[in-house]
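Listed below are the residues making up each chain.
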Amino acid sequence: MAEIRLRNLVKVYPGQQNPATDNVSLDVADGEFLVLLGPSGCGKTTLLRMVAGLELPTEGQVVIGNRDVTYLPPRDRRLSMVFQSYAVFPHKRVRDNIGFGLAMRHVPGDQIRAKVAWAADLLRLTDYLDRYPSQLSGGQRQRVAVARAIVVDADVLLMDEPLSNLDALLRLSFRAELKKLVGELGTTTLYVTHDQTEAMTLGDRVAVMRGGHLQQVGPPKELYNDPVNLFVAGFIGSPAMNFVSARIEDGKLRLPFGDVPIEGRLKERLAESNGSHRDVIAGVRPEHFEDARFAPEIERPLKFRVNVDVVEEMGSELYAFFSVKAGQVHARDLEELEEDAGAAALGHGSGETVAVARLSSESDARAGTQTELVLDTDKITVFAPDGRNLMRAES
Amino acid sequence: MAARSPRLRQAAAPYALLLPSALFLLALLGWPVISAIGQAFTGAHGGTENWRQMVAEPQFWTSVRNTSLLVVVLIPLQFSLAVAMALLLRERLRARGFYFYVWTVPLAVSDLAAGLVWLSIFTGNGYLNSALGWFGVHPVDWLSYQNTSTMFLAVLVAELWRATSLVMIILVAGMQMIPRDYDEAAQVFGASFWQRLRHVTLPLMRPSIQVALILRTILAFQAFAAAQALTGTQFPLLIGQTYLWFVGLNDPHVASAVALVVLGVSMVTAIGYLFMLRQPRGAGGGAR
Amino acid sequence: MTADAPPRPPAVAAGPLPPVNRRPLRRRRLVRAARQAAAILVTLFMGVPVYLITLSAFSTRAELNRFPKALWPRGVSAGTMRAFLGSTGVVPSFVNSIEVGLTTLLVSLLIGAPAGYAIARYAFRGHDAYQVFLLVTRSLPVVVLSIPLATMFLRLGIYDSVVAVALVHAALALPTTVLITASVFISVPAELEEAALIFGGTRFAAFRKVVLPLSIPGVAASSIFTFVLSWNEVLAAAILTLNNRTLPAQVLTSLPYSPIEYRFAGGFAMVVPSLLFILIMRRYLTNMWGATIR
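Chains as they are written, first to last, in the numbering used here: chain B, 1 to 395; chain D, 1001 to 1288; chain F, 2001 to 2294.
One thing to keep in mind: the hints can contain errors.
[Said to hold, decoys possible] Facing chain F, a subset of chain B residues (Cβ under 8 Å, in silico): (1) ARG5; (2) ARG7; (3) ASN8; (4) VAL10; (5) GLU59; (6) GLN61; (7) ASN66; (8) ARG67; (9) TYR71; (10) LEU72; (11) PRO73.
[To be verified] Far from chain B, by Cβ distances over 10 Å, these chain F residues were calculated: (12) GLY2015; (13) PRO2019; (14) LEU2025; (15) ASN2065; (16) ARG2066; (17) THR2088; (18) PRO2092; (19) TYR2122; (20) ARG2155; (21) LEU2156; (22) SER2183; (23) GLU2191; (24) LEU2197; (25) ILE2216; (26) ARG2282.
Derived by calculation from the structure, the hints in this document are not laboratory data.
Don't be surprised by glycine CBs; every beta carbon is placed ideally from N, CA and C.
The whole structure should be built from the sequences, with the hints applied where relevant.
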């Protein structure tokens, strides 16, 4: 058990211009489950590998449990790790795979047997101990990888996208199991993923990375409700947050859906920019729209009619897609997100922007019909054109 | 002809494509083996006489001893060196491309040429003695028939130089097919360099090691020209004996008998390796 | 840090950071230096003999008889090489070696490439058995084959000819040719060929127009390999010829009565092509051997 402290970590791969991680500092508390989240190539795996010792930093320091391990080889760091490809040894039986870390450290045989039995029981592998990995399913192999990681007495548990090679259904069930397991063990855990749902459900805190930089570190809820910028706002949440261009003018926020007086939370958080008129980007999460007929009591609602283009029935709710007469939002943050996601969720058109509303399943919104929506204006987030969240409580 | 269905033509196609090569190999490899067996058991003096002559020839047992000694000493040395070379190439050393080039050059050098190359070094007034001279060491007659052990050493070094590349290239090819994750996992879980080699790298390379061992041992039993170039007939090897019987003594029957001894020993060794290195059921196959 | 109360306080590790421990870096540098030194040592072992044979082949006879010898060029002359090339049988044996090599290449490709194609493209009964058959044939000692073949070729009247040696070399090279060409054809996507078939070609036309152009580099690599195998083969060549020797056979049979400078020049003449061969082939080497172990 130990905390991890990363200080000003810079990694420049030989022959490359841009650093893979640029001056990253991060603390993980003892027993905490921290998720590193970001699109591919953001440096999250590099950061994890520097903690593991599989990569050495160009600059900076890695401290685990008050011990400097910056340049220590992996085997002297007291870690364990779950790999994306499982890396379960094909030539060893399940039993020997799980006990590998103990055997390498010359733990007596009976202790190894006891610990292997314990881990196998925990991960429901007891019946497979004498099999070879080629005789197991992908999910079972992943369990072996996890069992191998938990039997060793490690200060820190590292996981590199451990669920990404599993099929969707298995991923879901194993995610819940993993959360329970790690929670019970209480080991300090650093977990890398590009899947925001995984990050939100698993992490005590989530660190969002982009282009080698940390964007924001905080509990999932904080990232969701109070993102630092467009990038984090757009990356977290599914369906993604809607972004429309807007203006602040005469004490009002002029949205394409209508004007919103700057009152309540907007006024509190937006204080500094009151009065001056300027172009901004407004972000609205799909669930902050509702069919006007089913809207709960909202203090400051904004009602407007839209032409629904497409409806996706999800059973428990439905997603209504509609066009908004507003210029396309251009921001570097969003372009990066689009590159990562393949543009779909964020919507594009000439002079029009596609927005998504998440409505009650009772709504009778249908493609090609008009529907009245209501927007909870207290939930709007306002961003500067450079992507900064203008409503973020300054820390 | 018109009645032949396309399906049948399809089914026959691969066999038609294979047929020439199969016939060719049977004619030029299969038939000679059978014929060699025939020759070894026939001749002017009858079957067993060939074998008696073979064994009675004074050099025969020497050549058996030399050949087996060469194989037994050479193969482990060669594999250790080849594994070390393959591991060095895996580390991203500076000038790695150059190393790879130099280390693979002997791959294309014939054993005769290799023998001649090392002759320039081991011969009485050669480069080795010249170099030793600088340190005040008196010249050693490495290749003299009186110095069996130094002759053996010279042949061993020449064979090591010539054929280690082959083993290395097979091992490198095998190593490239192993995902790096396995080694990294072993590092993270506390394995030292030697532990990783013993528990992870070598077992995962089992298929390529097996191929290299079989191929290399069979070829080592056929070593001949390098020894011939270095020592003439002073250091007899089994294949040299067949050559001698056939070309020198003009007796294809005894020559075939000696050749069959080589064939038999090679086969037994190959089967031995397959048996020793067989995989436990279910092991391997990897993540496929 | 934020307005919303986080469920768990963020990590604030107590105390100052420990100093950066640089000792492992020093160790790492040492290990790297040791590795580099080992690599240089191996390179010397592999490279110096090639240098020395070159030096020998271009030294004067006086220099070759001197002792101690210098390890650097002293008394350079092309005389030794010229004398070697001028001795009886050497130039014709060069020509023979090239002729045998080219014939071997042609025969083994003509016979082996169709088999490689069959292995790459068709699933059929006996597929695996055929591959085992190839492996077995590769393990037969050359002498075992050469002696009966000599008798057979004598009877057929082709003993001591380029064709006879080329036939044996082709048989020796065939297993490798089949396996390498098969791996080349596997790397050409079958879909491309099927597309050509759909657009109304015959199987052969599809092969000629689509597969052949794409597989030329790989087939060329395997051809060079075959040529080198033939260029280097000594024993069968020596047994199957009498007057029409190949270069290695010529050098081998004249060893007992040749002066030492002749041997060095012969060694050098045989080494030079391998230097070129590896230079051209070094990028394909591991792939080719990778193909043959599977």
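Now the hints, each set against the structure:
| no. | hint | in the structure |
| --- | --- | --- |
| 1 | ARG5 | holds (5 Å) |
| 2 | ARG7 | holds (7 Å) |
| 3 | ASN8 | violated (11 Å) |
| 4 | VAL10 | violated (14 Å) |
| 5 | GLU59 | violated (10 Å) |
| 6 | GLN61 | holds (5 Å) |
| 7 | ASN66 | holds (6 Å) |
| 8 | ARG67 | holds (6 Å) |
| 9 | TYR71 | holds (4 Å) |
| 10 | LEU72 | holds (5 Å) |
| 11 | PRO73 | holds (6 Å) |
| 12 | GLY2015 | violated (7 Å) |
| 13 | PRO2019 | violated (7 Å) |
| 14 | LEU2025 | violated (5 Å) |
| 15 | ASN2065 | holds (52 Å) |
| 16 | ARG2066 | holds (49 Å) |
| 17 | THR2088 | holds (57 Å) |
| 18 | PRO2092 | holds (53 Å) |
| 19 | TYR2122 | holds (27 Å) |
| 20 | ARG2155 | holds (53 Å) |
| 21 | LEU2156 | holds (51 Å) |
| 22 | SER2183 | holds (23 Å) |
| 23 | GLU2191 | holds (25 Å) |
| 24 | LEU2197 | holds (34 Å) |
| 25 | ILE2216 | holds (32 Å) |
| 26 | ARG2282 | holds (22 Å) |
In this structure, the hints that do not hold are numbers 3, 4, 5, 12, 13, 14, in rising order.
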